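Chains as they are written, first to last, in our numbering: chain A, 755 to 926; chain B, 755 to 926.
I should point out that these hints are in silico values taken from the structure, not numbers from a laboratory.
Please note that the accuracy of each hint is not assured.
Heads up, the list lumps identical chains together, so a pair's fine if it works in one copy or across two of them.
[Claimed, not checked] In the DSSO-like style, the derived pairs of lysine-lysine whose C-alpha atoms are separated by at most 27 Å in a straight line are:
id	residue 1	residue 2
1	Lys-857	Lys-925
2	Lys-857	Lys-876
3	Lys-857	Lys-830
4	Lys-876	Lys-895
5	Lys-876	Lys-925
6	Lys-876	Lys-830
7	Lys-830	Lys-925
8	Lys-825	Lys-857
Please read all numbers here as calculations on a predicted model, not as lab measurements.
Number of protein chains: 2
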Amino acid sequence: MNATPDDLVRPHIMSIVVDNEPGVLARVIGLFSGRGYNIDSLTVSEIQHEMHVSRITLVTSGTEQVVQQIKAQLEKLVPVHRVVNLTLTNNYVQREVALVKVKGRGEPRIEAMRIATAFEAKLIDATTESLIFELTGRSTKVEQFIEVMRPLGLINVCRTGVAALSRGPDKI
Amino acid sequence: MNATPDDLVRPHIMSIVVDNEPGVLARVIGLFSGRGYNIDSLTVSEIQHEMHVSRITLVTSGTEQVVQQIKAQLEKLVPVHRVVNLTLTNNYVQREVALVKVKGRGEPRIEAMRIATAFEAKLIDATTESLIFELTGRSTKVEQFIEVMRPLGLINVCRTGVAALSRGPDKI
Chain A
755 MNATPDDLVR PHIMSIVVDN EPGVLARVIG LFSGRGYNID SLTVSEIQHE
805 MHVSRITLVT SGTEQVVQQI KAQLEKLVPV HRVVNLTLTN NYVQREVALV
855 KVKGRGEPRI EAMRIATAFE AKLIDATTES LIFELTGRST KVEQFIEVMR
905 PLGLINVCRT GVAALSRGPD KI
Chain B
755 MNATPDDLVR PHIMSIVVDN EPGVLARVIG LFSGRGYNID SLTVSEIQHE
805 MHVSRITLVT SGTEQVVQQI KAQLEKLVPV HRVVNLTLTN NYVQREVALV
855 KVKGRGEPRI EAMRIATAFE AKLIDATTES LIFELTGRST KVEQFIEVMR
905 PLGLINVCRT GVAALSRGPD KI
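Produce the complete structure using the sequences and hints provided.
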């Protein structure tokens, strides 16, 4: 039997608008860790300073049914104003930044610079022994870049996690 | 009397290496909300998948004395391996991405595109009524861009928060 779309475990990007008050983030995260839901990525930003409202962009992997449950539970939390599953809208942009530090002398160093050019990554730090690249893109592109850099002497990576907005003029 | 450096409230970027296990993020955030410390920005990423270790990059504003207290308390949490205050090292790179959605027809639209070019922001979505720009940079640059866009018809902003690495070849 083939898997139906309902069985498909895939990342869902949730945009969660909350009151910007102490403890809200801890409660949202507590809901995930308490019930064993995973968090692939999490970012927070103020959206309307004057109204004390923040947006949490959270990526979680699960079937549509599980993600629907998560959404329903988030909506029950008092400081949560609105939850939108952007993945299901199929009409959004998503970006993250990775800082990728690579060892590098000689040929591997030159190869790392070549690959960075192909990915449109920017060189933002260079010593005789190391390079740091900045890459902005969708998570899949960032992951490809890291995998290609790994055998060339990856020292460390710092990623921001995903920010996302609906396409077009609406406020989501 | 002039303020001494000890009195200066400013953002500090903390790089916190933790075990990648359920509940760690909730405990770190709980430490901040429980004691009234603020979180300006927070990002999480896996650093070594095979060792189940994650890095939390957290920006908090305070005097050096307060930030020193926060660091000491973080170090007491069991799943925390290492805490580095990158701001005090004075030798790091930091980046975040903002997605900035602006209303725009006619002259304000053209002006928004001009400003985006000056900031090296990328246009990643356009309808007849709206534009979305992607801007990667230091937080101060991102904030300047948002302030310049505000009077042109800012609809919404989604920021990732800060990712940061030490300059040079070490693993921090």
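Hints and how they fare:
1. Lys-857 with Lys-925: Classified as between; 10 Å across copies, 43 Å inside a copy.
2. Lys-857 with Lys-876: within (16 Å within a copy, 30 Å between copies)
3. Lys-857 with Lys-830: neither (48 Å within a copy, 32 Å between copies)
4. Lys-876 with Lys-895: For Lys-876 and Lys-895, both the intra-copy (14 Å) and inter-copy (17 Å) Cα distances are at most 27 Å.
5. Lys-876 with Lys-925: Between copies only: 20 Å across, 31 Å inside.
6. Lys-876 with Lys-830: neither (43 Å within a copy, 37 Å between copies)
7. Lys-830 with Lys-925: For Lys-830 and Lys-925, only the intra-copy Cα distance (22 Å) is at most 27 Å; the inter-copy one is 42 Å.
8. Lys-825 with Lys-857: neither (42 Å within a copy, 29 Å between copies)
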